[in-house]
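> Residue numbers (full-length UniProt numbering), protein chains in the order written: chain A, 1 to 283; chain B, 1 to 283; chain X, 1 to 283; chain H, 1 to 283.
Quick caveat, the hints were computed from the structure, so don't treat them as lab data.
These numbers come from a predicted model, not from an experiment.
A couple of the hints might just be wrong.
It does not matter which identical chain is meant; a pair holds if it fits inside one copy or across any two.
[Unchecked claim] Pairs of lysine to any residue, SDA-like flavour, derived with a Cα cap of 20 Å:
{"id": "1", "residue 1": "39", "residue 2": "240"}
{"id": "2", "residue 1": "39", "residue 2": "29"}
{"id": "3", "residue 1": "186", "residue 2": "73"}
{"id": "4", "residue 1": "2", "residue 2": "42"}
{"id": "5", "residue 1": "95", "residue 2": "112"}
{"id": "6", "residue 1": "271", "residue 2": "32"}
{"id": "7", "residue 1": "244", "residue 2": "133"}
{"id": "8", "residue 1": "202", "residue 2": "140"}
{"id": "9", "residue 1": "156", "residue 2": "277"}
{"id": "10", "residue 1": "159", "residue 2": "185"}
{"id": "11", "residue 1": "131", "residue 2": "108"}
{"id": "12", "residue 1": "131", "residue 2": "45"}
{"id": "13", "residue 1": "68", "residue 2": "165"}
{"id": "14", "residue 1": "131", "residue 2": "109"}
{"id": "15", "residue 1": "244", "residue 2": "49"}
Protein chains: 4
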Amino acid sequence: MKATFLIHCPDQPGIISTVTSFIQQSGGNIVYLDQHVDKQAEVFFMRLEGEFTQFDKAESQIEENFEKEIAVPYAMEWSVHYGNEKPKMALFVSKYNHCLYDLLIRYSSGELSVEIPFIISNHNELQNIAKQFKIPFYHIPVTRDNKSAAEEKQLKLLKEHMVDFIVLARYMQIVTSRLIEEYPNKIINIHHSFLPAFAGAKPYHAAFNRGVKIIGATSHYVTEELDAGPIIEQDTTRVSHVHKVSDFIEKGRDLEKLVLSRAVQLHVNRKTMVYNNKTVIFT
Amino acid sequence: MKATFLIHCPDQPGIISTVTSFIQQSGGNIVYLDQHVDKQAEVFFMRLEGEFTQFDKAESQIEENFEKEIAVPYAMEWSVHYGNEKPKMALFVSKYNHCLYDLLIRYSSGELSVEIPFIISNHNELQNIAKQFKIPFYHIPVTRDNKSAAEEKQLKLLKEHMVDFIVLARYMQIVTSRLIEEYPNKIINIHHSFLPAFAGAKPYHAAFNRGVKIIGATSHYVTEELDAGPIIEQDTTRVSHVHKVSDFIEKGRDLEKLVLSRAVQLHVNRKTMVYNNKTVIFT
Amino acid sequence: MKATFLIHCPDQPGIISTVTSFIQQSGGNIVYLDQHVDKQAEVFFMRLEGEFTQFDKAESQIEENFEKEIAVPYAMEWSVHYGNEKPKMALFVSKYNHCLYDLLIRYSSGELSVEIPFIISNHNELQNIAKQFKIPFYHIPVTRDNKSAAEEKQLKLLKEHMVDFIVLARYMQIVTSRLIEEYPNKIINIHHSFLPAFAGAKPYHAAFNRGVKIIGATSHYVTEELDAGPIIEQDTTRVSHVHKVSDFIEKGRDLEKLVLSRAVQLHVNRKTMVYNNKTVIFT
Amino acid sequence: MKATFLIHCPDQPGIISTVTSFIQQSGGNIVYLDQHVDKQAEVFFMRLEGEFTQFDKAESQIEENFEKEIAVPYAMEWSVHYGNEKPKMALFVSKYNHCLYDLLIRYSSGELSVEIPFIISNHNELQNIAKQFKIPFYHIPVTRDNKSAAEEKQLKLLKEHMVDFIVLARYMQIVTSRLIEEYPNKIINIHHSFLPAFAGAKPYHAAFNRGVKIIGATSHYVTEELDAGPIIEQDTTRVSHVHKVSDFIEKGRDLEKLVLSRAVQLHVNRKTMVYNNKTVIFT
């Protein structure tokens, strides 16, 4: 059984050898270790994959021991994830289909190792795609007046299906504080600009008007402040004076798909950690 | 003799065939033609290179005829540049040497076909590099109190040497309106961010604090508004959580050199046109 | 009506002005012109888009006049394509679905302006995807013994549906001379390496074994020599020692999709010309 | 005092915890650890940086203990490098100055932390640059007849100055087996193509003739087989039909400089390990 440990704590000497010795003595063979120290914040981060031959029986014991012997003395925040778990991912969409298609194809081919209990949309247009891939589709319209009720429905579905994280695949509504608080650093958005340039609405139009020579896309965890959450992944592509806004949008779609799917993949593989509104992305 | 025509005018039918027929009838063979229409602004742009076998005698006549027969009826703004002209480029620098070195090496190898009458700096540090490449170096300190007098000295040098355009190779002073008015779309700056993100001071620090995964550099023509002029060239490179601000700066230096030298090369080869605070960059 | 002219001929003075005058006098307004001279081969290339207000009546007359007045004297090879034509594209696939999905999504969203009369496959696996997008699917198995008969069936379908060009979307069979001769520079392949490196079978394995730090994908027109036809488009992405062959394959899929769809788009928009086993790609 | 350990050995459980415990018990604080397992070859690689407060006294003792307690039982090959050491880098050049300039500027600005005891060239052209940067320059002509004698002179200089590694900064001679054997994985070359495409002479001409849309540069350790050694770093840039061979060469120069300097920097910072003709590049 593979177990992936994610750890962060105040930086201090001896953490690596203490943790690796513990894993070793608990019957685990370390197959991957990556660590990072944020010198400014004086915080230590580690991602460790161990292969445990007889983990099943001892699982709870190891977790208990780790908490007592390591986590408490080092003031760690930590989590452990097992190789046989598939996280449950909810998809929120509106009318654009490219990111939805991209994620569903990766899901159906097995490249993206998640369960997708349902797709929520404030519009009806993408219902057919959900049907193609046999995913339940819930149409929850959002208007100025029903925003709170709509959110209740969303939360109910998320809870019922024990969703682990949410992907906003070009969902054209601003999600509320309540959802963000329930899923801290667990809502992944794709913004169609090279943030922090062109946050907010109509970034391709803004980029066109500014006359940039490169456009981008940014995937980030959603926080209270719009388009200002911790960046997971970005990418860029060249444009020139020959490209109209519609060309920016077309080229941008390919960027959005790639950047969002990479971010989702990183999250699913437990390769992201968040601290001080920034991410550590393990390789 | 090669002659390069740069033209822009209100878009209307027949411009290309009229201009190409004129060139043909004036004894020129068109070896390159690129054109662009800005549909929003309804403006036509053209860059045309003609090879004239007996141009020397007829030069002034052709210019006169072009003005009368073509430019006036089509309400064109136009210029023509001859293959035997080397534009005069003044360099403004402060303390960073990487962009200065980069341009001087390209100049001395013949890759960059300009004359460099002098280098101006508000500091003394880079005098030795000027000496290595045998370029006159003028140290004109700039303080809050002498700003206007310093500018007078700069302008005097620029005029005396009939400078065609100015390159701010990491010059750490804001140039004044007066200089900008004298050299409209003829002052090239390099800004060490992916504009419009992180305009102003300390962009690498700002990028680091935002936790971006890609940094950039932008070369643009200087206008009144800081870091908001027409963009000539941009490029980007990846960073990650392992990079400190000092790594951003080091990686950024390589970007700045490349982006600035490409922008200068495009300007020197008359491949840039400016309209509505945006550039058309011919290939 | 928009008409796009593609022209190549021996380089000589006066071509541009002659052609542009002809278009002008035939009632066309030139909205785009790009030209290239291959100095080595002394060949002139041009792509010209004209907007004709009353073209429908005069179409055949203009073509006839162009042939007589321009093409014959200048020894041109030329073609003209009208804005209301949608080229017919046949898709050949095997078992990999990523390129097929990518093209079909672009097709169904209208981004890719073609008709797709059918999909041919030597396997059955992708039949369901064809069904999702309501495209006829022909399963034509290919074995060592039936190769010639299979090809007959393919050709028959291609002829019946008056197919304009063929896209091999990870079709895992070598197409025969006969097909290539029927569709010269009209069969587009995607090869999963940065050609000419790693031509032939298993390029990701070869790249892995060589220890490259960058992998690529190449789309090209199919010629007799395997993976040696005129290159339309290439792109690359970084890899490192942490990536296994399976990671190369996964990263490569995203490259393959993008590179193939860009190449197909260029072909559909008549932006490619072929000469001496190389392409001119207009912008 | 910072000490960097580079380790490789047959993969087996417990290495990480054993090594980290040793470092910890020897008074070192681990500030960086990266590890990699080559599953095919079943080899474990590790790079570890430790901060030792009282290392100076104990240095030899720690090395001795490490050898005895860790390296021997685990059948390790290992080396340790101290923060106060600057490796001695010899530069071999011919007539092209761009890579030489690039490395010398990084050296003189302190970005590249090496000593450069001398530059060797088979030509005289770059002597002035050596003088600018105050580096001894040895002109050792190489002809078919004197190749062996020339090599003797080179080796004598290398030995006298206790050179640690050699950089071939566009040195246009094939280095001999004798030199390679003396400096295994310590001679860094820059090849002006995206290897393995276009190995050997005139790669830009070959790339031009093939009609590629992207060109590259590759830095690698020199081995017996020409341009076939372990790749350290590669990069690519776009070209198109408008670029002549001379444009490939000009664009390529910028690639060569960047790729070579990155590779040298990685080597100097002990971030490269070689195994089975491939590199592990730590971040």
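> Decide, hint by hint, whether the structure agrees.
Status of each hint after checking the structure:
no.: 1; hint: 39 - 240; verdict: between (40 Å within a copy, 14 Å between copies)
no.: 2; hint: 39 - 29; verdict: between (29 Å within a copy, 14 Å between copies)
no.: 3; hint: 186 - 73; verdict: neither (28 Å within a copy, 45 Å between copies)
no.: 4; hint: 2 - 42; verdict: between (29 Å within a copy, 19 Å between copies)
no.: 5; hint: 95 - 112; verdict: between (23 Å within a copy, 19 Å between copies)
no.: 6; hint: 271 - 32; verdict: both (12 Å within a copy, 18 Å between copies)
no.: 7; hint: 244 - 133; verdict: neither (34 Å within a copy, 29 Å between copies)
no.: 8; hint: 202 - 140; verdict: neither (24 Å within a copy, 45 Å between copies)
no.: 9; hint: 156 - 277; verdict: neither (28 Å within a copy, 50 Å between copies)
no.: 10; hint: 159 - 185; verdict: within (17 Å within a copy, 56 Å between copies)
no.: 11; hint: 131 - 108; verdict: both (13 Å within a copy, 16 Å between copies)
no.: 12; hint: 131 - 45; verdict: neither (41 Å within a copy, 48 Å between copies)
no.: 13; hint: 68 - 165; verdict: neither (28 Å within a copy, 49 Å between copies)
no.: 14; hint: 131 - 109; verdict: both (16 Å within a copy, 17 Å between copies)
no.: 15; hint: 244 - 49; verdict: between (47 Å within a copy, 17 Å between copies)
The structure does not agree with the numbered hints 3, 7, 8, 9, 12 and 13 stated previously, though it agrees with the rest.
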